[in-house]
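Student: Spelled out from the first residue to the last, the chains are:
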Amino acid sequence: MKIMPCPLNGPRNISEFVCGGDVKEMPNPESCSDLEWANYVFIHKNPAGVVDEWWCHTPTAYWFVARRNTVTEEILETFTAQQYFGASQGEPA
Amino acid sequence: MSHPVTPRLGDGFGLFIDRNKPVSFRFDGKTFTGLDGDVITSALAGVGTTMISRSFKYHRPRGLLSLAGHDANSIVKVGKEPNVFADLTPISEGLDVHSVNTAGSLNNDRMAILDLFGRFLPVGFYYRSFFKPGKAWKFWEPLIRRMAGLGVIDPDTPHGYFDKAYGFYDVVVVGGGHGGMNAAIEAARDGASVLIIEEAPLLGGALNYMRLDADGTQGMAICRELLSEIESSANIEIMTNTTATGLFTDGWVAAVRGNRLYKIRAGAVVVAAGAVEQPAVFRNNDRPGIMLASAASRLMRLYGVTPGSNGIILTANDDGYGLALDCLDAGVAVTAILDLRTSPPDTPMRLKAKSAHITIHDAAGIAKALGKCRVNGVVISNIDEDGAWTTVGKTLPCDFVAMAVGYTPNGALIWQGGGWFNYDSDAAYHMVSSLPTGVHAAGMVNGVFEPGLCAADGRRAGASAGAGNPSTVERLDDSSLGRVNHPYPVFSHPKAKDFVDFDEDLQTKDLINGLSQGYRDVQLLKRFSTLGMGPSQGRHSNVNAIRLIARIEGKAEDEVGATTTRPPYRTEKMGVLAGRSFEPIRRTAMHHRHIEAGAQMMPAGAWMRPAYYGPKENAKALIAEEVMGCRGNLGLIDVSTLGGLDVRGPDAAELVNRMYTWAYANQDVGRGRYLLMTEEAGVVIDDGVACRFADDHFYLTATTSGVDGVYRQMLLWNAQWRLNVDITNVTGAYAGVNIAGPNARKALAKVCDDVDISADGFPYMGVRQGTVAGIPARLLRVGFVGELGYEIHVPAHHGEALWDALMQAGAEFSIRPFGVEAQRVMRLEKGHIIIGQDTDGLTTPFEADMGWAVAKKKPFYIGKRSVDIQNASPAHRRLIGFRLTDKSAPCPEECHLVMDGETITGRVTSAVRSPSLDEVVGLAYVPVAIAEAGGTFTIKLGDGQRVEAQVSPIPFYDPDNKRQEL
Chain A
9 MKIMPCPLNG PRNISEFVCG GDVKEMPNPE SCSDLEWANY VFIHKNPAGV VDEWWCHTPT
69 AYWFVARRNT VTEEILETFT AQQYFGASQG EPA
Chain B
6 MSHPVTPRLG DGFGLFIDRN KPVSFRFDGK TFTGLDGDVI TSALAGVGTT MISRSFKYHR
66 PRGLLSLAGH DANSIVKVGK EPNVFADLTP ISEGLDVHSV NTAGSLNNDR MAILDLFGRF
126 LPVGFYYRSF FKPGKAWKFW EPLIRRMAGL GVIDPDTPHG YFDKAYGFYD VVVVGGGHGG
186 MNAAIEAARD GASVLIIEEA PLLGGALNYM RLDADGTQGM AICRELLSEI ESSANIEIMT
246 NTTATGLFTD GWVAAVRGNR LYKIRAGAVV VAAGAVEQPA VFRNNDRPGI MLASAASRLM
306 RLYGVTPGSN GIILTANDDG YGLALDCLDA GVAVTAILDL RTSPPDTPMR LKAKSAHITI
366 HDAAGIAKAL GKCRVNGVVI SNIDEDGAWT TVGKTLPCDF VAMAVGYTPN GALIWQGGGW
426 FNYDSDAAYH MVSSLPTGVH AAGMVNGVFE PGLCAADGRR AGASAGAGNP STVERLDDSS
486 LGRVNHPYPV FSHPKAKDFV DFDEDLQTKD LINGLSQGYR DVQLLKRFST LGMGPSQGRH
546 SNVNAIRLIA RIEGKAEDEV GATTTRPPYR TEKMGVLAGR SFEPIRRTAM HHRHIEAGAQ
606 MMPAGAWMRP AYYGPKENAK ALIAEEVMGC RGNLGLIDVS TLGGLDVRGP DAAELVNRMY
666 TWAYANQDVG RGRYLLMTEE AGVVIDDGVA CRFADDHFYL TATTSGVDGV YRQMLLWNAQ
726 WRLNVDITNV TGAYAGVNIA GPNARKALAK VCDDVDISAD GFPYMGVRQG TVAGIPARLL
786 RVGFVGELGY EIHVPAHHGE ALWDALMQAG AEFSIRPFGV EAQRVMRLEK GHIIIGQDTD
846 GLTTPFEADM GWAVAKKKPF YIGKRSVDIQ NASPAHRRLI GFRLTDKSAP CPEECHLVMD
906 GETITGRVTS AVRSPSLDEV VGLAYVPVAI AEAGGTFTIK LGDGQRVEAQ VSPIPFYDPD
966 NKRQEL
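Residue numbers (our numbering), protein chains in the order written: chain A, 9 to 101; chain B, 6 to 971.
Chain A with its partners taken away, still in its complex shape:
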């Protein structure tokens, strides 16, 4: 069984995690076209190669970003949301 290096809980069995899908930016829902919105909601790229995905450690309900290669199945790197996006609204910089 694979090991996922969780930024909060350390290395844990992959069975303790669920994938929350690709990290993707929401288009501005007030100004984007219907097509842009539909693509955002329903279309997934599913590339053969490196993807950034949301993963959740279910016992602690902790979300983070994992960068993984869908071809080699290697988990390359994991990030806290703050590391990945930088500080934002609610957080001290």
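Calculated from the structure, these hints are not laboratory results. Be aware that a few hints might be false.
[Said to hold, decoys possible] Per label pair, the in silico range of CB-to-CB distance:
| hint | chain 1 | residue 1 | chain 2 | residue 2 | range |
| --- | --- | --- | --- | --- | --- |
| 1 | B | Pro655 | A | Ile11 | 55 to 63 Å |
| 2 | A | Thr68 | B | Leu582 | 47 to 55 Å |
| 3 | A | Ile11 | B | Thr36 | 50 to 58 Å |
| 4 | A | Arg20 | B | Gly610 | 21 to 29 Å |
| 5 | A | Pro13 | B | Glu234 | 32 to 40 Å |
| 6 | A | Val79 | B | Pro475 | 15 to 23 Å |
| 7 | B | Pro608 | A | Thr68 | 22 to 30 Å |
| 8 | A | Cys40 | B | Gly523 | 40 to 48 Å |
| 9 | A | Thr80 | B | Gly196 | 29 to 37 Å |
[What the hints assert, rightly or not] From the structure, some residues in chain B lie toward chain A, with a derived Cβ separation under 10 Å:
| hint | residue |
| --- | --- |
| 10 | Phe253 |
| 11 | Thr254 |
| 12 | Trp257 |
| 13 | Arg270 |
| 14 | Glu601 |
| 15 | Ala724 |
| 16 | Arg727 |
| 17 | Pro864 |
| 18 | Asp873 |
| 19 | Ile874 |
| 20 | Asn876 |
C-beta: ideal position from N, C-alpha, C; glycine also.
Starting from the structure of chain A, add chain B where the hints point.
Tutor: Same frame as chain A, now just chain B:
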């Protein structure tokens, strides 16, 4: 009546057995006696029983072949358990063993006639011949399956106890033989924690049974030394009688011992699983009594049983001579050694065999074996330089034949982990060419046979694994290897029955036929012929088949390729994989009060909730009484299972506003507001009540089964927004009740004195914090059942005390606990929807007639854009309330169909015969065109009967909601 124990061999033989402990067991109904430490096969051999089973296809007699559990010959049924390997299963008192795949008895199998018709059953026969015409296979399949199976499953077999255990080690060494023991010692030297997994009852592997030198003392001496070194190491653990069945990513090793599956995480894995001895192919090479040389050695050295009284040894290496010397030590006559090689080197063991006057024929092989249920002779042949037979010589009598023609690496775990082997033509052996990350190979599996080098290779791999170094393909060069493996021990016979694959009864001509029909890729040939698909997974057939294909196709062995090896290494029982059956159940704090009150409990997600109170046979009446009790007087229901989320912080209102459809930013403190959640596609996924206890504190309720998903979604979104809030799932931390009915306020007044609960002081949809019966409580004036009522949430450990206090306070109002069933009736009388029952995977808020809970002016909530797009397009269906026109018509059930003539136009989501209204009311999806009040439609019931329904405004009961706002 048990048979006397046949005398076993003396000193130096019988390492695993205890001669003083006879054990009686049954085989096909007859009682035999073996010794403690025997496996079924050795115990049977000990009483002279050579035949263990019948073959899969032709029902040919089969006997001991590997004594290592590698072959299907040793499959038996023990008690009710089929597919047991006799080679690996110890005997115990009264063990009831049966042969498999026979019609009649093992010695007189009616199906053995198939052997004579073999030429009418060519390879691929079943599938090609019985699939046409159309239904032919349906007729033939059961017959064929009955004829060609390995054991029968008894559906009445009781469940056994199986479980799982977990282990964590720096280094796991698979195989406790010469290479593995050395690897473990070296890996542990600098403090790494090491586990050795060994299939046999004792460590030692081939050192315990294989003769390494002319004197025959070296193996045991090395083994003793290594064992004492291992015993003196504090950080080596040993698991014997254990099979490593799988090797997966990141050092995950599956190991099975008895009925327990061990899931072991290893920092590094050393595969030192040795090598599997290979059979030679010649006519009748499957006769009982014909076995691998290693099997004959195991039989004598481990169990003290002789393989027969006079043997022929077919060899292509020194191991055959070693076995001959073992036979001499054991007093077993060797008729002759047939050496396939033209001019074998005069090794010390060969010289000793010569000086003991054993007849040795060089450049000699076996043309065919004689005998039926047991080999009784062989016809020898001369072998030319190219390895083909030239002349057929005389017949030699014997009662066993041992084959020592070479090995193949026991590399299943390396293959499984993603490693690869390439065939080395000089060594006639598959060599590791790539290793999975963190996996090291050592010893014979790594192509190192000479004992000194094997030990050194183990040390090398162990040191590397112990130091946590990356694994590399590396081996100590063993020049002896070219003298171990014969490059082509295959001697086809014109009359066939020269078996390449014993499991599947495949002869050389079957493979040749497959090739000639165009199945030239080894993967295709495998599927066409079933080569290597039997229980031994090709351990005895793949290499010879690859050699055969290579020769016929004029290719190098490596060009032929290799079939894929998949887990498990050995058959695993379903029970081992399933383990114990865990069904976690959550009970509320008041659970025991419900049981005392005679509640019928029902599952709600992982929770248990009372369905109703009282005996099952009165269910209908009891539910109606509970409804009327609440409506007329006072009821109490346990709502602890409802989800609860605490959202605190400066951005609490902002978060709630983004997650739910209605407007919460300006919600007053002390007020509750309905919550409706949509996902990004605009589909309704949850509902509840938002209670604002402070500017920066919301307490959100959620559905019992939805709360965990809601909580997870909130955290996912806030990982992106990073608002300044803290979100906590407090579902299990709070117990809750709903006390409802016209007398609810009077009853509550008796136990609550710090909250103004007057109609004006605590209006409908108000929320308060205070104490109830001295217990700190959150009070919500909400009305799911449509009566004056209070939800009271208290810390879970006070739940039972709260229940007791309210039951006591309500006694004078004849308070009656009600269950989920009565609650469902009452909510439906009020037309309240249940998410997941009255909504599906496509329901939008407007379809569910919940547009009132969607804030139109709010710039954003999850799913807003999708809801807006859907609203701009024509609607197709709407959730409406209905009443049956005929009050005495039968009540529809969930998912009964709404019909327009013969066209399905919708479905019922909820329906009930209302005790309060004495008519059938429900909710259904209907086409928009008939969704206005007064419209009529037809519902088709499960039995085909149709009933008329009329669209009706909701609520059905107390349409002006006066009762809940009292």
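Student: Now tell me if each hint is right for this structure.
Tutor: Structure-based check of all given hints:
no.	hint	in the structure
1	B/Pro655 to A/Ile11: 55 to 63 Å	38 Å, violated
2	A/Thr68 to B/Leu582: 47 to 55 Å	28 Å, violated
3	A/Ile11 to B/Thr36: 50 to 58 Å	52 Å, holds
4	A/Arg20 to B/Gly610: 21 to 29 Å	25 Å, holds
5	A/Pro13 to B/Glu234: 32 to 40 Å	36 Å, holds
6	A/Val79 to B/Pro475: 15 to 23 Å	21 Å, holds
7	B/Pro608 to A/Thr68: 22 to 30 Å	26 Å, holds
8	A/Cys40 to B/Gly523: 40 to 48 Å	56 Å, violated
9	A/Thr80 to B/Gly196: 29 to 37 Å	32 Å, holds
10	Phe253	6 Å, holds
11	Thr254	5 Å, holds
12	Trp257	4 Å, holds
13	Arg270	8 Å, holds
14	Glu601	34 Å, violated
15	Ala724	4 Å, holds
16	Arg727	4 Å, holds
17	Pro864	6 Å, holds
18	Asp873	8 Å, holds
19	Ile874	6 Å, holds
20	Asn876	12 Å, violated
Violated hints for the displayed structure, listed by number in ascending order: 1, 2, 8, 14, 20.
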